[in-house]
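S.K.: One letter stands for each residue in the lines below.
Protein chains: 2
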Amino acid sequence: MVTITRHLDLTFAALSDPTRRAILDRLVHGVATVGQLAQPFAVSRPAISKHLRVLERAGLVTRERDGRVSRCGLDASPMKDAADWVDRYRRFWDQRMDQLVQYLETEPDKLTPQDKTKKDGGTP
Amino acid sequence: MVTITRHLDLTFAALSDPTRRAILDRLVHGVATVGQLAQPFAVSRPAISKHLRVLERAGLVTRERDGRVSRCGLDASPMKDAADWVDRYRRFWDQRMDQLVQYLETEPDKLTPQDKTKKDGGTP
DNA sequence: GGTAATGGTAACCATATGGTTACGAATGTA
DNA sequence: TACATTCGTAACCATATGGTTACCATTACC
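Just so you know, the protein sequences line up as chains A and B, in that order. Here this note's numbering is used: the first residue of the first sequence is 1, the next is one more, and so on. Here this note's numbering is used: the first residue of the second sequence is 1001, the next is one more, and so on.
Just so you know, not all the hints are guaranteed correct.
[As the list claims (entries may be wrong)] Straight-line Cα separation of at most 35 Å, DSBU-like style, residue types lysine-lysine; simulated pairs: (1) A/Lys50 x A/Lys80; (2) A/Lys80 x B/Lys1080; (3) B/Lys1050 x A/Lys50.
If you're looking for bench data, these hints aren't it; they were derived computationally from the structure.
Generate coordinates for the entire structure from the input sequences, incorporating the hints supplied.
M.R.: Written out as structure tokens, the structure reads:
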């Protein structure tokens, strides 16, 4: 499913900027015009426009011209796949993998078969 | 807490590339050398090195030279903050905000005080 | 010691961000 | 109609990705 992968690319990339995350946080309180979104951030309107385009491309924000103003709305549904992806790592949040591995290396018998294969030269 | 914000930047940015996500998925099965990581991906070793640097900067991967090889380990702990951030939007996953707003606009009394303020000229 | 494997860095290129200023298009309003 | 608002785009710049090839430093092994 390449589409989902591409979708995750866009979602995570959109979330990687603090201004864009703040825009999303602001849209939680309700719809907002571009001017209302630009006001609290010390940044120019075109910069906000670009951020909105990134958010729009990720499907996180919907823009709709209403006369002279553009009303932006939140669509958080793409975050679901992102949350699902990250959640797969939940069981690793508390344990450091390298520490685990150091433990495993002191007991070679506990290495996974895959790791043993790799030591013989890798997968065919 | 600017540090956390910056940390989220790096984490989300690191997760926005499919190769890096695949590397993380692979490290779940255990530690791996750079060569083992580069093998399944149709990409050069320097490219993997760059991806690892991004993952390392985000704190998601630990690298440790062991003689001639570099062993890479997973550290998923930075994902916790990312998951917490995304989870705040969980209640919005199913509802489209613009649809909600259209409903609110038919009943102006249900607008939040903040929205009413914005219509008068924004926050001072 | 000589040689092959491992992997890091340098130099280079194309593209995407993130920002600016300048300008134009559309719309509301005096 | 003239003018001010709102917003988008164009052009430009700096930096970060994402990729390549070429080269170098270490290290294991004959």
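S.K.: Decide, hint by hint, whether the structure agrees.
M.R.: The hints, checked one at a time:
Taking the CA atoms of A/Lys50 and A/Lys80, the gap is about 24 Å. The hint holds against a cut of 35 Å. With a C-alpha separation of about 16 Å, the suggested pair A/Lys80 and B/Lys1080 falls inside the 35 Å cut-off, and the hint holds. Distance restraint check for B/Lys1050 and A/Lys50: the Cα-Cα separation of roughly 27 Å lies within the 35 Å cut-off, and the hinted pair is therefore satisfied.
Violated hints are absent here; each numbered hint is respected by the structure.
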